[in-house]
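K.L.:
Residue-level listing of the chains:
There are 2 protein chains.
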Amino acid sequence: MAKANAFYAQSGGVTAVINASACGVIETARQHKDRIGKVFAGRNGIVGALNEELIDTGKESARAIAALRYTPAGAFGSCRYKLKGIEENRREYERLIDVFRAHDIRYFFYNGGGDSQDTAHKVSQLATAMDYPITCIGVPKTVDNDLPLTDCCPGFGSVAKYVAVSTREAGLDVASMCDTSTKVFVLEVMGRHAGWIAAAAGLAAEEPGDPPHVILLPEVAFDRPRFLAKVKATVDKLGYCVIVVSEGAQYADGTFLADAGGKDAFGHTQLGGVAPFIADMVKSELGYKYHWAVADYLQRAARHIASATDVEQAYAVGRAAVELALAGRNAVMPTIVRQRDQPYRWTTGEAPLKKVANVEKKMPKRFISKDGFGITPSARQYLAPLIAGEDYPPYRNGLPQYARLKRVLAPKKLPPFEV
Amino acid sequence: MAKANAFYAQSGGVTAVINASACGVIETARQHKDRIGKVFAGRNGIVGALNEELIDTGKESARAIAALRYTPAGAFGSCRYKLKGIEENRREYERLIDVFRAHDIRYFFYNGGGDSQDTAHKVSQLATAMDYPITCIGVPKTVDNDLPLTDCCPGFGSVAKYVAVSTREAGLDVASMCDTSTKVFVLEVMGRHAGWIAAAAGLAAEEPGDPPHVILLPEVAFDRPRFLAKVKATVDKLGYCVIVVSEGAQYADGTFLADAGGKDAFGHTQLGGVAPFIADMVKSELGYKYHWAVADYLQRAARHIASATDVEQAYAVGRAAVELALAGRNAVMPTIVRQRDQPYRWTTGEAPLKKVANVEKKMPKRFISKDGFGITPSARQYLAPLIAGEDYPPYRNGLPQYARLKRVLAPKKLPPFEV
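Protein chains in written order, with numbering that gives the first Met the number 0: chain A, 0 to 418; chain B, 0 to 418.
If you're looking for bench data, these hints aren't it; they were derived computationally from the structure. This one's a predicted model, so the numbers in the text were calculated from it and none came from an experiment. Among the hints, a few may not be true.
A pair counts as met if it fits within one copy or between any two copies, since identical chains are not told apart.
Straight-line distance between alpha carbons at most 30 Å, and here's what the computed BS3-like set of lysine-lysine pairs gives [to be verified]: (1) 229 - 282; (2) 231 - 2; (3) 83 - 411; (4) 37 - 229; (5) 83 - 282.
Isolated chain A (complex conformation):
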């Protein structure tokens, strides 16, 4: 393929390391100026392509781009916007092609989770369906760790580390106060459908009795009497109990423990507030004084405590995406391939987008302890390397100095479009 421009966009919930993938894409593209001209980043994801709001990353200094490696959240803006199928919404795809053609874009890099890989897959079909030649590569990202065909998902390792570190720290706090004060601490973490994040809290426990003592996973139907009995037994034995609950914790019939009622753009139920629900249950049934925390965005934005492994992998999939595109691959996503557990070795591979799109990787049953309240040695073996290593951002005046981009939009060439 002759020299052409590239489009990169961030999609869905952001992470502590999605910008490291952007850094990998842009820095690698800059090393191949003979093949890739400009890299445009969509302002607010794919919406930026539809609106012809293309951030010209060429206007950013090498230093600013390098700073993306240690900057959390989506530096170009992300979006929750799912393209429908080509048959249902031909208009949007025609618009994409108009914008791509107007700006000579022949490379499409889409950085996101399951829904986003579905979008990437649909765009890849444009080549044949609408006769526009484009190389389309997905770049994996999700704190939920639920993409198939990759050993893990960039973004997950850092939230896993945050949750494990926070559980250890808060656990020490409760342990020191429990004799005369709080006996039960509940930490709510993300994970709508899969308990990967809650499971990672289990890494905090290295010796018998260490917190967390109870993990409530979406994979295990919540059983109120069994749960309360476990909490009571733990407090009787240790004097306190640390509970980590996934926002997706649910009853046997699939009802979420805390269902806030609303729906997001994808029709997913809005969750939140299972921690106070659980804490109140413990208080009213067992009478223990409690505290609870809801980490929410803090956990996925916590670049200050990112996993070095995760940062490296996020960068690597960005770099690999460009390399795959230049190697003539299309409709694929770079993956993380685990070569061995200890010492941990990994490399990048690739998976076809059609096999990635809309497939959700569940946590294997063998990762969940028999009583359903903890993780197994297999889970630890899988999870431990993903949180390994620290990769601190630079600080000034006591605060991390994250990238501030200029975000200069390329001049528009087309009439406006109603998204």
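Fit chain B to the known structure of chain A by using the hints.
P.N.:
Just chain B now, kept in the frame of chain A:
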């Protein structure tokens, strides 16, 4: 005074750096073996003295004691237990003296906040009231930063740093999603009576438009229409709004927002938390999609992101406490004395316990911006040095390696006592 043993105890809510003070006390005492014999630490604070549960810190290695410098929470156990006045509860004081006499304890170091300094002050009165010679030194500690006569309180700088860093990170997250998703983020932080911690979030904003955009302080009566107007104006201008709310935020009549009996969309009473209360108010009045977080113990246990200044000061007051005792001072508390703002210079001083006990330092009015939703340059000048510097704990397998003490109890010499 001839050689005698020392008693050290941790009291009240723990912090990321109270063990650094313990480290300062014990390491300094070990340098003066001619004057101070054993250092006993109360198991669970003063309760440990009443129960004659005295942890013999001499059984801990130099390495374990050094590790306290980077270990959060209360390594010896803390307590919420306030001694009454000597007249009201002579029995407890007599017991304390029995225990002190049995273990030749003539130095008393009590590490805590306002209530604890009151306890320390009462114990100091034993010398004259009950004819038992004891040197009594308070060691300041509180995330609430509300002790008088000291420029700041060890423990506050680290929670301030955690809150400022988290606000910056979560702010970037919301900013990247706001076009198509969450527009308002609410972070609830500690501070029941004073807004010091919420105010510290303001440090995250270094340029106009930076989050946080609204800080709700207990010092400023909550005005619903003005608050909602401010949130709307912020979203209109920036596309999103980050709100940091103190758990102590209150109406003009002193009612806490969190206790206001809010109801959720289903008419259920809110299970606690001013953050969900505020978020729900914003949603129902302005219609914005929201997220909220409650940091709770995570903020005060977050040793992984402690302020280096705070760690140094926590250690320094521990060291100074022993030095004051050895210099023959009694019924005093070492303080932090600010010598200059920029470059920040500080040293330790001392204050009499009778002037510290039960006095609460409020945040000055000049620290609060005119509209009541932010902090002033004076506040920034005061707060900024307190979060300066990073002091990372050592990590293994991706997790901070905090001290694990043996906590060997000294053999009991007295009959049991009913606390």
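K.L.:
Next step is simple, just say for each hint if it's right about the structure.
P.N.:
Consistency of the hints with the structure:
| no. | hint | in the structure |
| --- | --- | --- |
| 1 | 229 - 282 | within (14 Å within a copy, 37 Å between copies) |
| 2 | 231 - 2 | neither (66 Å within a copy, 46 Å between copies) |
| 3 | 83 - 411 | within (25 Å within a copy, 74 Å between copies) |
| 4 | 37 - 229 | neither (58 Å within a copy, 40 Å between copies) |
| 5 | 83 - 282 | between (46 Å within a copy, 28 Å between copies) |
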